[in-house]
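> With these hints in hand, go ahead and build the complete structure from the sequences.
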Amino acid sequence: EAQVTQNPRYLITVTGKKLTVTCSQNMNHEYMSWYRQDPGLGLRQIYYSMNVEVTDKGDVPEGYKVSRKEKRNFPLILESPSPNQTSLYFCASSPHPGTGSLGYTFGSGTRLTVV
Amino acid sequence: AQTVTQSQPEMSVQEAETVTLSCTYDTSENNYYLFWYKQPPSRQMILVIRQEAYKQQNATENRFSVNFQKAAKSFSLKISDSQLGDTAMYFCAFMNEAAGNKLTFGGGTRVLVKP
Chain A
1 EAQVTQNPRY LITVTGKKLT VTCSQNMNHE YMSWYRQDPG LGLRQIYYSM NVEVTDKGDV
61 PEGYKVSRKE KRNFPLILES PSPNQTSLYF CASSPHPGTG SLGYTFGSGT RLTVV
Chain B
1001 AQTVTQSQPE MSVQEAETVT LSCTYDTSEN NYYLFWYKQP PSRQMILVIR QEAYKQQNAT
1061 ENRFSVNFQK AAKSFSLKIS DSQLGDTAMY FCAFMNEAAG NKLTFGGGTR VLVKP
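So the sequences go chain by chain: A and B. The first sequence stops at residue 115 when you use the numbering used here, and every number in between is there. The second sequence stops at residue 1115 when you use the numbering used here, and every number in between is there.
Careful, some of the hints might be misleading.
Stated by the list, open to error - Cross-link-like lysine-lysine pairs, in silico, DSS-like; alpha carbons within 27 Å at most:
(1) A:Lys69 with B:Lys1102
(2) B:Lys1102 with A:Lys57
(3) A:Lys18 with A:Lys71
(4) B:Lys1102 with B:Lys1078
Worth flagging that the hints you see were computed from the coordinates, not collected in a lab.
Set out below in structure tokens:
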């Protein structure tokens, strides 16, 4: 089954404790992206990657890191989480840029709470 | 930068009735794509319908249809014969391939279908 797999689904952590949210896709998509969802704000892009070893900032990158060492994986790293990073996070992928009409395939989301 | 606005935070509708969700966007581009995504309580992001800006004909998917007014930069979603399973958060989104594959989302409209 074609899908984007995110883990964990729920995570509660303490301020300052480094964490990683994993994301993997099995569709050979070149484009991958991370979003955070907050009430009233919709989904906002954190980082994206056009291909292996190519990453760039989205609209709200502060406090986050990403890497793209393999085509299928795109982990989101919070080096020192803070309470304002409490949110619902989504990973998404799509085929090569230029196929925008196909939209994204989304993971099932990670609910992160930082206390 | 593109922006997407959904002016209705919440809407309710009786089962079997019709509801229309509004969406406006701002862009200087001529070629782009528009989407409506559904997010039920399971949190999964589900693509409901898509529209290419160069197509004048409004997209339709079963009980879901759009009213695309390019000059007015408006992209409303009509849900006909509403069903209880349509209860969800609905997001309007914009994509312009010239800016990469970035999806820009509106703030969302929560739809409650009442029996």
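> Hints first: check each against the structure and report whether it holds.
Now for the hints, and whether the structure bears them out:
1. Proposed proximity of Lys69 (chain A) and Lys1102 (chain B) is supported: the alpha carbons are some 21 Å apart, at most 27 Å.
2. For the suggested pair Lys1102 (chain B) and Lys57 (chain A), the alpha carbons sit about 11 Å apart, so the restraint of at most 27 Å is met.
3. Note on Lys18 (chain A) and Lys71 (chain A): the hinted pairing holds, with a Cα-Cα distance of about 24 Å set against a maximum of 27 Å.
4. As the CA atoms of Lys1102 (chain B) and Lys1078 (chain B) are separated by approximately 25 Å, the hinted pair is consistent with the 27 Å bound.
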